[in-house]
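Peer 1: Top to bottom, those sequences are chains A and B.
Take the first sequence: its position 281, counting from 1, is numbered 288 in this note's numbering, and each next residue is one higher.
Take the second sequence: its position 439, counting from 1, is numbered 446 in this note's numbering, and each next residue is one higher.
Hint data in this document are derived by calculation from the structure and do not stem from the laboratory.
Be a bit skeptical, because a hint or two may be false.
Just so you know, same-sequence chains aren't split out, so a pair can sit in one copy or run between any two.
[To be verified] With a cut-off of at most 20 Å between alpha-carbon atoms, the simulated EDC-like pairs for lysine to aspartate or glutamate come out as follows:
hint, residue 1, residue 2
1, Lys18, Glu266
2, Lys287, Glu355
3, Lys287, Glu360
4, Lys352, Asp368
5, Lys387, Glu177
6, Lys148, Asp17
7, Lys352, Glu342
8, Lys399, Glu69
9, Lys345, Asp261
2 protein chains.
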Amino acid sequence: MAAAWEEYLDKHEDQHLTDLFEFLRIPSVSTLPEHQDDMRRAAHEVVERLRAAGVPEVEILETGGHPLVFGSWHVDDNQPTALIYGHYDVQPPDPLDLWQSGPFQPEIRDGRIYARGASDDKGNIFAAMLGVEALHATAGKPPINVKFFIEGEEEVGSHSLPGFVHDNRERFACDFVICADGGMYGENQPSLTLSSKGLAGCQINLRTAATDMHSGMFGAVIPNALEAMARLADSFHTPDGRIAVEGFYDDVVDLSDEERAETARVPFDEQEFLNSVGAKAFWGEPGYTPLERMGARPTLDFNGLWGGFEGEGNKTVTPAEAHLKISCRLVPNQEPGKIVGLIRKHAETHCPEGATIAFGDTAGGALPFAIQPDHPALVKAGEVLEQIYGTKPLALRMGGTLPVAPVFQRELGADMVFFAFGMPGDNAHAPNESMVLDAWRTMSRAYCAYLEALAR
Amino acid sequence: MAAAWEEYLDKHEDQHLTDLFEFLRIPSVSTLPEHQDDMRRAAHEVVERLRAAGVPEVEILETGGHPLVFGSWHVDDNQPTALIYGHYDVQPPDPLDLWQSGPFQPEIRDGRIYARGASDDKGNIFAAMLGVEALHATAGKPPINVKFFIEGEEEVGSHSLPGFVHDNRERFACDFVICADGGMYGENQPSLTLSSKGLAGCQINLRTAATDMHSGMFGAVIPNALEAMARLADSFHTPDGRIAVEGFYDDVVDLSDEERAETARVPFDEQEFLNSVGAKAFWGEPGYTPLERMGARPTLDFNGLWGGFEGEGNKTVTPAEAHLKISCRLVPNQEPGKIVGLIRKHAETHCPEGATIAFGDTAGGALPFAIQPDHPALVKAGEVLEQIYGTKPLALRMGGTLPVAPVFQRELGADMVFFAFGMPGDNAHAPNESMVLDAWRTMSRAYCAYLEALAR
Chain A
8 MAAAWEEYLD KHEDQHLTDL FEFLRIPSVS TLPEHQDDMR RAAHEVVERL
58 RAAGVPEVEI LETGGHPLVF GSWHVDDNQP TALIYGHYDV QPPDPLDLWQ
108 SGPFQPEIRD GRIYARGASD DKGNIFAAML GVEALHATAG KPPINVKFFI
158 EGEEEVGSHS LPGFVHDNRE RFACDFVICA DGGMYGENQP SLTLSSKGLA
208 GCQINLRTAA TDMHSGMFGA VIPNALEAMA RLADSFHTPD GRIAVEGFYD
258 DVVDLSDEER AETARVPFDE QEFLNSVGAK AFWGEPGYTP LERMGARPTL
308 DFNGLWGGFE GEGNKTVTPA EAHLKISCRL VPNQEPGKIV GLIRKHAETH
358 CPEGATIAFG DTAGGALPFA IQPDHPALVK AGEVLEQIYG TKPLALRMGG
408 TLPVAPVFQR ELGADMVFFA FGMPGDNAHA PNESMVLDAW RTMSRAYCAY
458 LEALAR
Chain B
8 MAAAWEEYLD KHEDQHLTDL FEFLRIPSVS TLPEHQDDMR RAAHEVVERL
58 RAAGVPEVEI LETGGHPLVF GSWHVDDNQP TALIYGHYDV QPPDPLDLWQ
108 SGPFQPEIRD GRIYARGASD DKGNIFAAML GVEALHATAG KPPINVKFFI
158 EGEEEVGSHS LPGFVHDNRE RFACDFVICA DGGMYGENQP SLTLSSKGLA
208 GCQINLRTAA TDMHSGMFGA VIPNALEAMA RLADSFHTPD GRIAVEGFYD
258 DVVDLSDEER AETARVPFDE QEFLNSVGAK AFWGEPGYTP LERMGARPTL
308 DFNGLWGGFE GEGNKTVTPA EAHLKISCRL VPNQEPGKIV GLIRKHAETH
358 CPEGATIAFG DTAGGALPFA IQPDHPALVK AGEVLEQIYG TKPLALRMGG
408 TLPVAPVFQR ELGADMVFFA FGMPGDNAHA PNESMVLDAW RTMSRAYCAY
458 LEALAR
């Protein structure tokens with residue numbers, strides 16, 4: 008017999024999807040100043056949703072950056088308190104011309120909800136809120152104490168949050184954090200997340216002359232900023248994919264033999280994986296398998312590289328400036344500030360003659376995070392997932408970054424359990440982002456089951 | 008006693024400057040399709056100007072590309088016929104934010120006329136037309152037969168013209184061509200141009216996956232298109248500035264000892280030159296002086312390089328595509344088609360594993376050009392310049408490209424004499440393009456004197 012919350016969710020499914028679409032239509036791009044009002048609209052939408060879920064205390068907190076939505080529902084002193092974390096901000100949608108439908112015009116195609124944020128993270132947080140709404144509608148309240156912490160700066164590194172969480176430790180106090188951001192290993196393969204990577208980055212601005220020059224007059228004699236930048240950029244990796252920045256790997260905790268053996272047990276079809284992103288070959292640090300690299304090895308990525316004329320046709324110019332955006336995914340025990348320092352030193356050491364470089368801040372810095380595999384809330388999550396999927400979840404390390412995970416750990420003494428339903432094919436951070444409709448349906452139901460399982 | 012044409016030009020100077028400004032306001036950017044109407048407006052402005060100069064036959068000729076303005080004034084069967092060449096199209100103005108005043112809002116500052124095209128080439132052709140206008144107003148007609156050939160495709164490689172000149176050889180027949188495009192060695196140092204470089208280029212489009220990817224999930228394992236492009240781009244030169252494309256230098260006619268000695272006599276202050284463009288150091292092919300490289304050695308220039316996220320802040324994406332615009336300046340006897348073939352072969356050979364490349368056409372191809380130092384019209388030009396400046400002109404090779412020069416040579420048997428007054432500090436093809444106001448004044452007068460000197 009279906010649980011009452013399941014019947015509720017079945018019955019209101021069309022309306023909930025309509026409501027999600029409204030939420031997805033708000034272009035809450037946190038990195039672009041012109042979307043500041045949209046950020047606030049999205050925060051208010053979260054407030055409304057929490058109220059609809061019956062959460063008695065809901066407020067918008069000013070963090071100094073984009074606002075944070077906080078909700079609290081204390082039901083029983085004898086029950087644990089879970090803080091459900093997620094974010095309502097999204098990545099920029101460009102390049103726009105690669106989207107099949109508008110990034111902020113959600114639509115369903117082939118069993119997927121297409122929109123920027125469908126998976127990362129609006130779809131996921133919306134489903135988590137629906138779970139509590141269903142429990143409220145059918146049982147009057149959730150079985151444990153629940154707090155909601157829905158921020159608006161995840162995609163820009165959550166830089167306001169460390170100080171804000173520190174200053175509000177009592178308000179956010181909890182036994183553990185449930186992260187409604189992230190995903191499963193595959194549509195038929197649930198997984199638990201044991202760690203997430205840290206993040207560190209900067210922008211390098213390179214200049215060779217005061218202004219762009221006529222290539223006929225100056226191309227033969229003045230350094231071309233694009234040539235100099237290509238040379239500098241090329242110096243950051245060895246051709247076989249190892250990061251060439253001196254000291255970059257110094258603090259990395261290497262995988263144990265046991266962890267490598269465990270990773271090797273994960274079913275991973277290399278060709279299928281390549282096909283899923285339309286790639287021909289793997290690339291990256293030699294000496295590790297792709298799965299090991301994804302979860303447990305640090306990277307240095309170029310996120311943007313530009314200079315000179317990008318229009319149609321040609322412009323015979325010798326460009327005077329070029330720009331490179333770098334971000335690194337870090338693993339325990341790498342420290343973001345130290346890594347940025349090493350990148351700067353590398354850039355200065357390898358700066359081609361005749362070029363000058365300056366550094367820009369990209370405001371992304373986060374520590375890596377890890378949770379013990381036997382954490383009770385993680386074990387419970389595994390049991391719920393096994394019941395839903397009929398298969399034991401894999402325990403995995405994650406390549407993505409949750410900047411607040413180590414913050415909650417440090418400030419609240421609360422470990423984070425990732426409990427979200429994004430899938431590898433969701434194109435998070437890319438054009439044509441989507442969420443599997445069935446995964447979205449599953450998630451609200453899974454939250455009901457998980458919160459029930461967590462009750463003492 | 009001043010010549011009559013000089014008095015005429017003095018008297019109408021303000022009006023002529025006003026008229027020039029009108030011409031400069033038309034954004035006749037030939038490479039951008041959205042400026043097609045502006046191109047036609049600019050062509051009509053040239054027509055009006057030629058009519059004002061008394062040229063009896065003026066017409067707009069459809070070339071298949073942007074229109075060509077042709078004018079003819081036959082005055083005497085016993086006099087030679089000069090075809091005055093120039094172009095009314097201009098380079099794109101971007102990056103716009105580096106312009107102190109609008110690129111199409113001409114203004115005078117510190118003795119310079121600032122606007123896109125002020126020097127290259129609207130200011131120059133306008134002055135040439137004013138010279139004929141002054142001769143018409145004061146002597147009734149020019150002393151020799153004059154044809155005007157003002158095209159609209161110079162900045163995109165004049166690709167319609169070779170066939171068009173071939174098909175209209177009788178119409179354009181002349182004894183020699185006077186090029187009202189180009190410039191002098193310096194404000195106080197006139198010069199004659201002995202050669203111009205050819206041009207060849209293409210665009211390389213590189214791809215590593217179907218779509219941009221989340222760097223946390225994919226950065227460790229899928230080739231980053233920007234990293235791959237940086238590696239490929241870096242392979243085109245040795246670190247010391249030699250072009251590393253196999254066979255690139257094979258057909259180059261090297262400088263003779265005599266030419267090198269002559270080049271060494273040119274007064275060239277290296278530090279002053281660097282200062283003029285705000286550069287710290289020279290760069291380019293080793294084994295040649297900067298002046299030798301500028302005039303007589305081929306180059307391979309990056310004109311644009313881009314991919315990934317260029318906005319403010321950061322976007323933690325692993326880009327799937329990157330683009331590189333390349334153009335080469337060629338010297339005798341390099342052939343554009345062959346050079347593009349070598350570039351393609353190099354790119355294919357050096358394409359990083361996991362990346363695929365495709366080539367785009369940038370529609371720029373031109374042969375190099377050279378004139379004999381003892382050509383009578385060139386000698387006359389030298390005499391006129393010496394009279395104006397009080398100093399003997401230098402005989403130089405030019406780094407820029409005049410695609411039609413070799414076309415006129417081949418189709419009409421007419422060599423080209425460069426007779427224009429752009430200056431090295433004009434920022435042609437760059438932000439804040441300008442023309443020295445005095446040089447602009449000098450040029451219309453110099454055309455009167457030159458046409459008189461050319462009369463038998």
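Peer 1: Does each hint fit the structure? Answer for all of them.
Peer 2: Hint by hint, here is what the structure shows:
1. Lys18 to Glu266: Classified as neither: same-chain Cα gap 44 Å, cross-chain 89 Å, threshold 20 Å.
2. Lys287 to Glu355: between (34 Å within a copy, 16 Å between copies)
3. Lys287 to Glu360: between (36 Å within a copy, 8 Å between copies)
4. Lys352 to Asp368: Within. Shortest intra-copy distance 15 Å satisfies the 20 Å Cα cut-off; inter-copy 39 Å does not.
5. Lys387 to Glu177: Classified as neither: same-chain Cα gap 26 Å, cross-chain 91 Å, threshold 20 Å.
6. Lys148 to Asp17: The answer is within: 19 Å in one copy meets 20 Å, while 92 Å across copies does not.
7. Lys352 to Glu342: For Lys352 and Glu342, the Cα distance is within 20 Å only inside one copy (16 Å; across copies 43 Å).
8. Lys399 to Glu69: neither (41 Å within a copy, 74 Å between copies)
9. Lys345 to Asp261: within (18 Å within a copy, 51 Å between copies)
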